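Q: Sequences and hints are given; from them, build the entire structure.
When the letters of the sequence shown are read in order and numbered with the working numbering, they come out as residues 795 to 866.
Just so you know, these hints were derived from the structure itself, not from any lab.
Just so you know, these numbers come straight off a predicted model, no measurement behind them.
It is possible that part of the hints are untrue.
[Stated by the list, open to error] Calculated lysine-lysine pairs in the PhoX-like style (CA-CA distance at most 25 Å, straight line):
1) K856 <-> K839
2) K839 <-> K807
3) K854 <-> K807
[As the list claims (entries may be wrong)] The calculated label-pair distances, taken between Cβ atoms and stated as ranges, are:
4) R844 <-> S803: 26 to 32 Å
5) V845 <-> P814: 31 to 37 Å
6) S819 <-> L799: 33 to 39 Å
7) V845 <-> S796: 41 to 47 Å
8) S796 <-> D851: 31 to 37 Å
Idealized CB from N, CA, C, for every residue including glycine.
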Amino acid sequence: MSLPLDEMSTEDKLRAMEEPWVDRSGTPEQIPSPEWHGDVLADRKARFRRVEVEPTDWSKAKQGLRDRTSED
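A: Okay, here's the thing in structure tokens:
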């Protein structure tokens, strides 16, 4: 399968990347997590507990990414 990336807007490209992730999220046990990912998660959890970072609602985070990458 090939997408016409040079003809797609940034928003369309983000949607094209998001759809497979939404599809795969229904069966996370079929996607092995690399070892380093556990280390990253542990570090982020520790930073969160030390209040070094604030949580962000996922829908707001996605919208923020879309806003920052939208084409004028």
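Q: Look at each hint and say if it fits the structure.
A: Hints, one by one, checked against the model:
no.	hint	verdict
1	K856 <-> K839	holds (20 Å)
2	K839 <-> K807	violated (30 Å)
3	K854 <-> K807	holds (18 Å)
4	R844 <-> S803: 26 to 32 Å	violated (39 Å)
5	V845 <-> P814: 31 to 37 Å	holds (34 Å)
6	S819 <-> L799: 33 to 39 Å	violated (24 Å)
7	V845 <-> S796: 41 to 47 Å	holds (46 Å)
8	S796 <-> D851: 31 to 37 Å	holds (34 Å)
In the structure shown, a violation is registered for the earlier hints numbered 2, 4 and 6, in ascending order.
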